[in-house]
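Engineer: Here the protein sequences line up with chains A and B, keeping their order. Position 500 of the first sequence, counted from 1, bears residue number 500 in my numbering, the numbering being contiguous throughout. Position 363 of the second sequence, counted from 1, bears residue number 363 in my numbering, the numbering being contiguous throughout.
I should point out that these hints are in silico values taken from the structure, not numbers from a laboratory. Given the structure is predicted, the values throughout are model-derived calculations rather than measurements. Please note: incorrect hints may appear among the correct ones.
The list treats identical chains as interchangeable, and a pair is accepted whether it falls inside one copy or across any two copies.
Below, a list of computed lysine-lysine pairs in the BS3-like style, where the Cα atoms sit at most 25 Å apart [unchecked claim]:
(1) Lys707 - Lys657
(2) Lys501 - Lys308
(3) Lys449 - Lys194
(4) Lys580 - Lys228
(5) Lys602 - Lys228
(6) Lys580 - Lys269
(7) Lys707 - Lys679
(8) Lys269 - Lys681
(9) Lys228 - Lys8
(10) Lys194 - Lys308
(11) Lys640 - Lys308
(12) Lys610 - Lys269
(13) Lys253 - Lys297
(14) Lys681 - Lys29
(15) Lys132 - Lys526
(16) Lys132 - Lys580
(17) Lys253 - Lys326
(18) Lys297 - Lys326
(19) Lys610 - Lys714
2 protein chains.
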Amino acid sequence: MMEEQYRKGSFTLPGEAGYEKLTLQLAEKWGADVIRDSDGTKLSSEIVDAGYRIYSTICIIREHNEFAIAHPETQQQTFLISERVLAVDSTVTIPLLDGYFTEQFELNTTSDAMKYWQVYDRTTEEEVPREKWSYADGKVTVCDATPWHSYTASFLCWRVWEEINMYNHTTNHWTSEHLRQLDPRHPAAWAFLKDWLEQWCVDNPQTNVIRLTSLFYNFVWIFGADMKHRNWFTDWASYDFTVSPAALDAFEKEYGYALTAEDFIHQGKLQVTHMPPSPAKRDYMDFIQRFVAEKAKELVDIIHRHGKQAYVFYDDSWVGMEPYGKYFSSVGFDGLIKCVFSGFECRLCAGADVPVHELRFHPYLFPVGLGGLPTFMEGGHPEKDAMDYWHHVRRALMRQCVDRIGLGGYLHLTEGFPEFVDCIEQMGIEFRKLKELHQHGAPCVIPCKVAVLHSWGSLRSWTLSGHFHETYMHPLIHINEALSGLPVDVSFVSFEDACSKGLQDFDVVINAGRTGDSWSGGDAWKNEALVSELTQFVFNGGTFIGVGEPSAVEGYATLFRMADVLGVDKDLGARVCHGKWAFDVTSMDGVRLCREALGAEKNLYLTDGKACVLAEENGIPQMTVHAFGHGYGIYMSDFKVSPESERMLLDLLLLRKTTEGRMQYVSDNPYVDVAYFPKDKALVASSVSSEEVETTVLTDAGEVQIKLMPHEMKICKL
Amino acid sequence: MMEEQYRKGSFTLPGEAGYEKLTLQLAEKWGADVIRDSDGTKLSSEIVDAGYRIYSTICIIREHNEFAIAHPETQQQTFLISERVLAVDSTVTIPLLDGYFTEQFELNTTSDAMKYWQVYDRTTEEEVPREKWSYADGKVTVCDATPWHSYTASFLCWRVWEEINMYNHTTNHWTSEHLRQLDPRHPAAWAFLKDWLEQWCVDNPQTNVIRLTSLFYNFVWIFGADMKHRNWFTDWASYDFTVSPAALDAFEKEYGYALTAEDFIHQGKLQVTHMPPSPAKRDYMDFIQRFVAEKAKELVDIIHRHGKQAYVFYDDSWVGMEPYGKYFSSVGFDGLIKCVFSGFECRLCAGADVPVHELRFHPYLFPVGLGGLPTFMEGGHPEKDAMDYWHHVRRALMRQCVDRIGLGGYLHLTEGFPEFVDCIEQMGIEFRKLKELHQHGAPCVIPCKVAVLHSWGSLRSWTLSGHFHETYMHPLIHINEALSGLPVDVSFVSFEDACSKGLQDFDVVINAGRTGDSWSGGDAWKNEALVSELTQFVFNGGTFIGVGEPSAVEGYATLFRMADVLGVDKDLGARVCHGKWAFDVTSMDGVRLCREALGAEKNLYLTDGKACVLAEENGIPQMTVHAFGHGYGIYMSDFKVSPESERMLLDLLLLRKTTEGRMQYVSDNPYVDVAYFPKDKALVASSVSSEEVETTVLTDAGEVQIKLMPHEMKICKL
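So that you can see chain A by itself, here it is in the shape it has in the complex (with noise of 0.2 Å):
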């Protein structure tokens, strides 16, 4: 039939040992071309002899527990803050590891560590001075202390537990040795890991692809000892974790200045990607990208001096790597591979300087998801969790194509789950169909270039810091997530970017932030000629989308610089007694308003009474459209994803553009997404609906009707 000749190819199974006939089989059913292995699992030879290609994973910082425990000067740290601890007298105590999971941390002792240590008087936070403050038995005693004055002690840890290997021992109950993780600046470290990964490849002459996961730097994730807070710290995205001795030497060496533990420690709050940098941050950061660079280049030649391909998964210990980074092609990886949930997960992949892109797709095999709950395990719905994230990875695909795709875990696990295994199958099809059509040609984008505007610019392309599920507090992700799926055109633009290169190329900016924060950009918005940049655009034509806390910073006539822009405020106190203009709520037209996608924030208020209120709460507006010059000011409370959400994004990005008439390939059904592929002539539309559908959608070729059933894709040729 027809469709055979999408059964096959472009996708990644998952083998295991002792399953031999089982993954043979669901590499017949699925398509499979390539057979991997997966953390905790090994292929026996009946698989990896069997004819597809094969790829290993290796964590190259891991599974090196004899060397370690015999180098133990080799092992990765952190720095970590003591508990705040009150002076009641003169002398004050800091117990340090009080409150940390041990399993986890070691003090680090040595004089080259403790000459980075630090302790602070946090009341003043004045840092107290190496002579008034001694170390002994885990505790830090200080003397001289002010009294009613709290302290805390900054030290530098050893990490003699692999994260990951942390996580699954915690979630999945193994039991096997923790596993240690070597600091691959230290020159024992790196010379053995270069001979180890050398060996390595003689011993794997069957390997086609060694799936590096990731390279040397988890991002932070720091236990508690209470299992009430063992949940103490976690960001995907910071760099907390790359720090040591050695490495802090390296860079007042080349910077000409020394980082503390507080640059670091920020009073305890650490350094979340989710705030923006400090300059020392940057040059850190700029200075871990390049050492991780440099490194990851030398094992990508060892492999492919042994013939093999070197993938990369941007996950786990991929701290350094940023695909969008200003060092990653230099390494010269033959794929990425990322694990996906959603679509700006999908986006973000397919649009990295790699020649292979491959999705890894959720939920991986295993018992529970990272979210805790129940997945191949009984109460688990393991295929409606994969329908849920296709649903948003599928109208990413739809705008953007990778090359591959595939499953990680246990595979035995399917057994008992035939759904799951049918819905994979169709996935797999429905996605080479998809990869067809982008091959021959890309299809149609509306001529809308839209540009994201945060503290990183295209450094955090599509991502903040990590998956939906940890960011979702965050409206930018369900910006991106809705963005992800459009027929526009996106960028991902820096402050810096902003003001050197000007926005005279895109259409609409966004910024969606809360005041202070990485996404809406805190003190960057005291640069004058970003807001005069921003301005400008507007006033000449652009639109602006300002959500949440916009473009908001302390210290000027109004707390969102664009706030005239916008026709709305925040109000943080001063304002109390101004009386507030008084308004109607109206539609406008060409906007499909979704109200639930919207906040119910306090303290807004209309700068000068024209901005048209499409929603309110309490009377208090929660979005806004205010002609500005030529252009418009945009403000929603809040941004929910939703279909009904990115539809109303799309009518919003296109506001400029709905005098032109009715747009072309676009669906009048949130719950179905429409792609035109011109060289193909061909329509696609697919479902996120449980329920049949249907669309109309307007084509060169006149008024096309599409019914769809539950979750379909269909691709009409016109």
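Got chain A; can you put chain B on it based on the hints?
Structural biologist: The following block gives chain B in isolation, referenced to the frame of chain A:
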């Protein structure tokens, strides 16, 4: 009957010419001993000669239109700020009065005023040099402007319509001539006003008490041109309307530094009472307070020389005359009259250092109330309004009494509202009974000294800025209202006093406000001495109650400087990746939770996981009690006053005392307030319920059970 002695005296009736019979009839029914006129009414000789004492209302700066028109330079002024105007090229023209109600304001373009005008680039917050702008035809034109920046002009205006008169015209459809107002700082005006008062005293021998309404400068009340923005700004305690070139010149001469327009305009935010005052504002307030007191004393001396008494009405043109200010008692007023909706206003009046304290009850005898709803007209229920206010005022009177009560307005409006007439009669009786008890000796107070800690301290005892319905959005007014009827000792303490005098005399300290406002404190919390003092206070056994965003200031490890005492803090985004302590909601012995009083705030988190969480919302703690040293830190995300929350607050105040056994002379029913007057062995119980209620009170004589009819007050002799 026994009640007869309580039927007459201490009551001020508003008489009305043309309704002489009604006036005398109601004087009899309500037991008046004084008849007064009101704004807009005059007494006829029939009333004046009826044997009552006579109050005559004088608004000294008003009703001199002939003089004001002849000498327009003697009128009062204010600073205003233009709208922000965007520069699209290098010239920008700023219309000055656009958006303002031009019946209220006229530009002052005299050279002594123009020297105080300022033009600002609001994009950079830099002042535009004088040589770069010019004025003509109501507009300022800026040259060499920076395109895409916004500009404002700040300028002086004459205020050509006295604001209370303006309010009455616009609210009550008055059609009489617009009254102007004179500035007593102008020597010609001051000479005129003194002569006028002298002559008035000669012409009005029948008047016993001159009721000054109030003194010179109205609270700030700026009207907008557009009916959708008619209320441009109102702050009952701001000083902007005291300003004039003469005042500014005199200030500079005395203080050695000049104030600028920007000191008042403050980026368009103005200097609202709810925000902490700058040092310059504090200087200016003291400067004005001295001026007002000196001038007021001259008036009082004239009044006394004519054998009359001088009472002052503490509303309207009261600015600079705070009863708890440094200079109030130096004026020599014979009485203070306060209009009251609430208990806190009663305490404010009752505690002032002046011989006679008089309350003017609400509703005012006007067709509509301050909120704009019908009162003495169709649809109004003045007896319900009166009883509602009386519930609040009576419980305050049970703690601290005043000398007199009364009404104001148009007496004839009471016709057709017999229930109101009866209601006032009953209130008079209850008031006189309470007054008698207080005269015999003070009621019992629980030995619990409470300090309400904020930027203003005793200067703003009890009130924030105006009435409850104007300040309801501030949790502190709810706290003050609750405290006004609780049997504890209450002080209002500034941050300066807390540091210089210490907190050791108190049992409980309360700080309630929003980040950066006067009530929370803002930058005052950067003073480590304040943090240390309060930390020590709690550690040594005190209770700290923080409400909303207490002790909040940015720049430290925690937003709440008292976070370690409270066990709870608020995250502004830097801790979004920190795991939060899990908790169970529990109850606490001795605390009757009133969940409705609390908020539903986001981003609160437990600091050390040890606080007892009494209420939560969406997993976020909303009320916590945290043992700290020998004391308690108590946090509430909000506080809304109600009978139940008043009881909860009392429980919290006494948390450290509940181990001492059950409290005597407190009610176990939130709808019943109780006060015990030991001298008369009188237990007073009053109900705020519209149903029959019961309470049991522990007394020296054992348990006493009291049943009360709706709204009833009962006195039980023990």
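Engineer: Which holds for Lys228 with Lys8 at a C-alpha limit of 25 Å: within a copy, between copies, both or neither?
Structural biologist: neither (48 Å within a copy, 66 Å between copies)
Engineer: Give the relationship of Lys707 and Lys657 under a CA distance limit of 25 Å: within one copy only, between copies only, both, or neither.
Structural biologist: So Lys707 and Lys657 fail the 25 Å test inside a copy (28 Å) and across (73 Å) alike.
Engineer: Between the shortest in-copy and the shortest cross-copy C-alpha distance, which are at most 25 Å for Lys132 and Lys580: within, between, both, or neither?
Structural biologist: For Lys132 and Lys580, the Cα distance exceeds 25 Å both inside one copy (55 Å) and across copies (33 Å).
Engineer: Treating 25 Å as the Cα threshold, decide for Lys610 and Lys714: within, between, both or neither.
Structural biologist: neither (45 Å within a copy, 57 Å between copies)
Engineer: For the identical chains here, do Lys681 and Lys29 meet the 25 Å Cα criterion within one copy, between copies, both, or neither?
Structural biologist: neither (30 Å within a copy, 93 Å between copies)
Engineer: Within, between, both or neither: how does the pair Lys580, Lys269 come out at a Cα-Cα threshold of 25 Å?
Structural biologist: The answer is between: 13 Å across copies meets 25 Å, while 37 Å in one copy does not.
Engineer: Using 25 Å as the alpha-carbon threshold, which applies to Lys253 and Lys297: within, between, both, or neither?
Structural biologist: within (23 Å within a copy, 73 Å between copies)
Engineer: From the Cα coordinates, with 25 Å as the cut-off, is the pair Lys501 and Lys308 best called within, between, both, or neither?
Structural biologist: neither (41 Å within a copy, 77 Å between copies)
Engineer: Between the shortest in-copy and the shortest cross-copy C-alpha distance, which are at most 25 Å for Lys297 and Lys326: within, between, both, or neither?
Structural biologist: Within one copy, since 14 Å is at most 25 Å while 76 Å is not.
Engineer: Reference check for the pair Lys253 and Lys326, CA-CA at most 25 Å: within, between, both, or neither?
Structural biologist: within (22 Å within a copy, 61 Å between copies)
Engineer: Please sort Lys640 with Lys308 into within, between, both or neither, judging by C-alpha distance up to 25 Å.
Structural biologist: Neither: 44 Å inside a copy, 69 Å across copies.
Engineer: What label fits Lys707 with Lys679 when the C-alpha limit is 25 Å: within, between, both, or neither?
Structural biologist: Cα proximity of Lys707 and Lys679: one copy only (23 Å, versus 88 Å across).
Hint violations for this structure: numbers 1, 2, 3, 8, 9, 11, 14, 16, 19, all remaining hints satisfied.
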